[in-house]
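Participant: For reference, the chains in residue letters:
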Amino acid sequence: MQAENIHIRGGRLIDPKNGIDRQADVFVAAGKVRAIGETPADFSAARVIDAAGCVVCPGLVDLSARLSTLDSDLAAAVAGGITALACPPDTQPPLDEPGLVEQLVRQAESLGLARVFPIGALTRQLAGERLSETVSLSRAGCIAFSQATRPIFDTQVLLRAMQYAATFGHAVRLQPQDHYLARHGVAHDGRIAARLGLAVIPVCAETVALSTALNLAFDTGVRLHLSKLSSAAGVELIRQARARGLEVSCDVAIHHLHLADEDIGYFDGHARFDPPLRSAEDRAGLRAAVAEGLVAVCSDHTPVGEDGKQLPFDETSPGAVGLELLLPLLLRWAREDEVPLAAALARVTCDPAAILGIEAGSLEAGHRADLCVFAPDEPWRVTAATLRSREKNTPFLGGEMIGRVRATLVGGRAVYEAGQT
Amino acid sequence: MPDPQLGADGRLNHLLSIDGLPPDTLTHILDTASSFLKVSDREVKKVPLLRGKSVFNLFFENSTRTRTTFEIAAKRLSADVINLDVGRSSTAKGETLLDTIDNLVAMHADMFVVRHASSGAPYLIAKHLRRVGRKDVHVINAGDGRHSHPTQGLLDMYTIRHFKRDFSGLTVVIVGDVLHSRVARSDIHALRILGAGEIRVVGPKTLLPSVIEHLGVRVFNDLAEGIRGCDVVIMLRLQNERMNGALLPSAGEYFQCYGLTPRILSLARPDAIVMHPGPMNRGVEIDSAVADSPRAVILSQVTFGIAVRMAVMSILAGN
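Chains as they are written, first to last, in my numbering: chain A, 3 to 423; chain B, 11 to 329.
The set of hints was computed from the structure by calculation and includes no laboratory data.
Please read these numbers as outputs of a predicted model, since none were measured by experiment.
In this text, a Cβ means the ideal position worked out from N, Cα and C, and glycines have one as well.
There is no bait here: all hints are sound.
Each pair of labels, with its calculated beta carbon distance range:
1) Gly30(B) with Glu104(A): 52 to 58 Å
2) Val137(A) with Arg144(B): 56 to 62 Å
3) Asp265(A) with Ile92(B): 33 to 39 Å
In isolation and in its complexed conformation, chain A is listed as follows (with noise of 0.2 Å):
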């Protein structure tokens, strides 16, 4: 597929980053967007996308997303508007080797779908003793050193970590869980734990690993993320680092901002998550910081196969698939919380690759045309058949969405559009 002229005509043009909200069309080519607004001179569309009454927007960049099976996954990215995505260091073999970023980079490549940015792992098999070799993983083309999801008990070992990391001005990411206070826990410690009799995951977990993580990070000056909050107290602590002049950022994954607890109903292995679903106190608190701009939105797309859900709740794998549902779930809590379509749209475009420090999230001309058309009320219903990624474990399956993609332009191809496969 090579790049071409692309006109896409008739929609209306949301740049977050740029506070543009108007009817316009963009004129791509040579990969880049080349105009926006009035036609160039010299221009001439080999293809015309019709975008009327549709909203044109940046590519979305996706914080956090595991891939299981490259060419579904990357296949149902695309498919969701997502252009760009950074994939956690807890893979098979973990990424702690320069070859093996090296090797995912160049089949992510191959395939020319969406962009995948590899978070390296921040210690050797990720087993929180030794560092790994991050100049050499950065080189290799890791953004970011993390733990996913596993621990580092021993402190020191995670300010030597960040200090080394500030040393080349490499962004460290965690995900703020105490191991041993959320150990064996499975759920939210709150009313329906304490009635389905499931071991429980406190809020101090969070809170007590976001307090020792922000003290470092203050005392080493490290470039830091927080991923996956999953508390009201949780996003307070990060306000106040904020207040302090700590500059940190943080994400939610999407399926907090619309599910609680409450949501396990009878053992469902489907609203497993990690970190838990919390209550709906908490859910309330995360919308709100979305809201206000504090913390970004990732899908967390966790492939499960169905053998890893059939199981005893306490058993199950915890995630959920999130790639093609980003979107339309964030529009849903837009049009729930009453927020402007482009602030909701800074959250999953500008403001991740801000995060990530790379070159997307915004629509100007000169810049690499990655791009979104979706249909901001088109109504659709998620089955196995309409979800592009391999594994299908979503608690939303068989739910109805609103807002669908109907083309997305990676580097200036049209790597999905609606109706063809």
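Starting from the known structure of chain A, arrange chain B on it as the hints suggest.
Facilitator: Chain B only, in chain A's frame:
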């Protein structure tokens, strides 16, 4: 979200938890148990209600006593009983829980009595049976993790009704390791549904769920306060493994604070009964002087347990 244990017509299709059962269903089970109690006193202790049916005792977690009571109940109903010690057979070979179920259904199982270490495991089975269209196969939860042990809850209610007649004015206290106890949860739900006057729980904070009051109970950390004026005292078994972690310092200190002695029991009403799901740890949660006193109705619980399990099996089988 429909309760998986109830059919579309509201009838009991499985017994998975007391939580969510209509009061009439509970009362119906207790009344039915009452009629079965007489069967056990007859010379020929059998009725033909489950003749030709196969009841599979599926114990993923060891419990000789509970398994035996289900076996006796099924045999008194003339069912064929097959005991599977699953912990040592199929799952050890890597077979999943639902694979095991599919195999046993193919062997024409009519009823599964399931004990499992994971909360909710019987729900997984019940939902699976619905998915594969086998609503003629019934599941009885014989204890799942910390969640539920509904036949124990029912036999406890039977015992209380037998000795106290009416639930409305009763103050019932549950003492001990509520956090890990499926018996406590079952009793709390049953007492609430049957309209007990006041339900209390007593224990150290390490052994109580942090938000247990949401289940409709009053929480006490002091046994003397919690037991004062009670009509029914339910003591919970303290598992030995609770001593290994940081939940409790020692069995001795636990007994000092939460052991039921004659002196502590004297704070309850003079006609208060003492219950225990068994097996008892004498000198840990209960003093022998109490356990062997006429106030203790622990052996009555065992006898009633057979009748209650017969009632549940008979009702699920459609009698």
